[in-house]
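Engineer: Sequence:
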Amino acid sequence: MKRKEGGPEGWSEQRLWRIVEQGADGEAISEGLAYARQGQTRRISFEGGRVEASVQGRRPRAYVTRFALPRFTHEQGERAVRALAEQARYAAMLLSGELPPDIEDLFAPLGLHVFPSGPDEPEISCTCKEEARWCKHAVCVAALLGERLAEDSFLILEMRGLPRESIVEGLREHRATGASGPQPAVSAHVSGLSDAQPVPLEDALEVFWRAPMAGA
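Number 75 in numbering that gives the first Met the number 0 belongs to position 76 of the sequence shown; there are no gaps in the numbering.
Think of the hints as simulated: they come from the structure by calculation, not from any bench.
The beta carbon of each residue, even a glycine, is placed where N, CA and C say it ideally should be.
Mixed in with the good hints, there may be bad ones.
[What the hints assert, rightly or not] The calculated label-pair distances, taken between Cβ atoms and stated as ranges, are:
1) VAL63 / GLU85: 38 to 44 Å
2) ARG174 / GLU74: 18 to 24 Å
3) GLU46 / ALA175: 28 to 34 Å
4) ARG57 / ALA107: 39 to 45 Å
5) ARG60 / GLU164: 33 to 39 Å
6) ARG88 / ARG42: 37 to 43 Å
7) ASP101 / GLU168: 37 to 43 Å
Can you make the complete structure from the sequences, with help from the hints?
Structural biologist: In structure tokens, the structure reads:
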């Protein structure tokens, strides 16, 4: 863990840490944070929407700890991306690589949430076999995940089954097919206009969502 003291930084890390505090007891939090800050993690991976780490405890053999979130179904993912695409501010922030801090407000009416709704939702397993789900090794992994979220908040969406690439592609497809209706298979060639190179989407965010003027 890069940060050796102080509390969580960034809204996404703070939101995850509130869940940890609800699920783990004081001793597990204290020891888990110490493990994270002292570099007791031999290996950690953030792949396929799941976090897996080898955490070195007091015994010679490291414990394997896994942390994941239930993934959205395909239909839920489509509804989520559609809702994001229909809101200009959310779409613009996502396309510029930023996760809106109030994204839960958009997901709530869909019956979905991005961050865990409580300490019992994360799928946690650890080979330490402690009775508590939120053992000190799980706290250690959650602390490292929170630090990673502070650097890349999109990771929380990937854990729900929505990789960054899929979101961006979905936003672009929605704009191309939904905002102006179905496009003709063959379009007329207009000299001087049809030959012009299109402006990249990310370079035109300010005008991207403006509705066409009447009669245009």
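Engineer: If a hint holds in the structure, say so; if it does not, say that too.
Structural biologist: These are the hints, each one checked on the structure:
no.	hint	result
1	VAL63 / GLU85: 38 to 44 Å	holds, 42 Å
2	ARG174 / GLU74: 18 to 24 Å	holds, 21 Å
3	GLU46 / ALA175: 28 to 34 Å	holds, 31 Å
4	ARG57 / ALA107: 39 to 45 Å	holds, 42 Å
5	ARG60 / GLU164: 33 to 39 Å	holds, 37 Å
6	ARG88 / ARG42: 37 to 43 Å	holds, 39 Å
7	ASP101 / GLU168: 37 to 43 Å	violated, 23 Å
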